[in-house]
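Chains A and B, in that order, give the protein sequences. Each residue of the first sequence is one higher than the last, beginning at 1 in our numbering. Each residue of the second sequence is one higher than the last, beginning at 1001 in our numbering.
Since the hints were derived computationally from the structure, they do not count as laboratory data. One thing to keep in mind: the hints can contain errors.
Heads up, simulated DSS-like pairs for lysine-lysine below, C-alpha to C-alpha not over 27 Å straight-line [what the hints assert, rightly or not]: (1) B:Lys-1161 <-> A:Lys-100; (2) B:Lys-1163 <-> A:Lys-100; (3) B:Lys-1162 <-> A:Lys-100.
Every value quoted in this text rests on a predicted model; they were computed, and no experiment measured them.
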Amino acid sequence: MDIGIEAYLLVSMLLFCIGMGGVIVRRNLLIVYMSLELMLNAANIALVALSRFNGNLNGQVMVFFIITVAAAEVAVGLALIVALYRRHRTAQVNELNSLKL
Amino acid sequence: MHDLLFILFSLLIVVFGALVVAGKNPVNSAMFLVPLMICVGGLFVLLEAYFLAAIQILVYAGAVMVVFLFIIMLLDVETEKHRRVNPFAAVTGIGSSGAILGILCLALSRSDLGAAGKAESALQGETIPLGRLLFTDYVLPFEILSVLLLVAMVGVILLSKKKLQ
């Protein structure tokens, strides 16, 4: 058996759909956030696979940027979650239903 | 060997991904996310992206997951006792992600990857060409990224102040 680009893209697609299902179905804010990380990682796998099989490094530079932005995003997002938790004492999405902080 | 490792890593990725999404307690989910990140790093190694694999494990499995666990412990979110899954959300969520999976599979089966699928990599000594590309063609995005990190740091400090005014 020869592992081609299709197999890597399939794994990436599966991971993306798992993450997306988690974002839609789950209501715990932290788990929703982790599902977002899953989706970002799925995009990274696809980019690295495409970069490798095209003999071109641009995709890997993109993944480098994505990882950096994701790290910044996690810090900001978790700070927002902490601020929300301080106000509302909950981390459930369905209980956060007012526009006012 | 390559095939075997690929199958192992991808199975583990899918299983751990499902466990992250299905976990009752956020701590469990975070704990399953760590080996998932390591498996993604393993896939990067199989794709000969050694530098990115190291970055993936350092940044994700190291820094990001530590921040996640720290916040989970800080919030002290209890396990969902009354775990009533909204049936509407479950049906729409699973339905829409399944539909998107179907669309992606269809696109993959129709696309012509034959030419790119077998290309031998000319990417020997991965890190040096990557660094060169980063500091020549992509130097402007790189600098913008550094500003973004600074802004994120200031924003996080501001957000975590007790009294916002």
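Here's how the hints hold up against the structure:
| no. | hint | result |
| --- | --- | --- |
| 1 | B:Lys-1161 <-> A:Lys-100 | holds, 18 Å |
| 2 | B:Lys-1163 <-> A:Lys-100 | holds, 16 Å |
| 3 | B:Lys-1162 <-> A:Lys-100 | holds, 17 Å |
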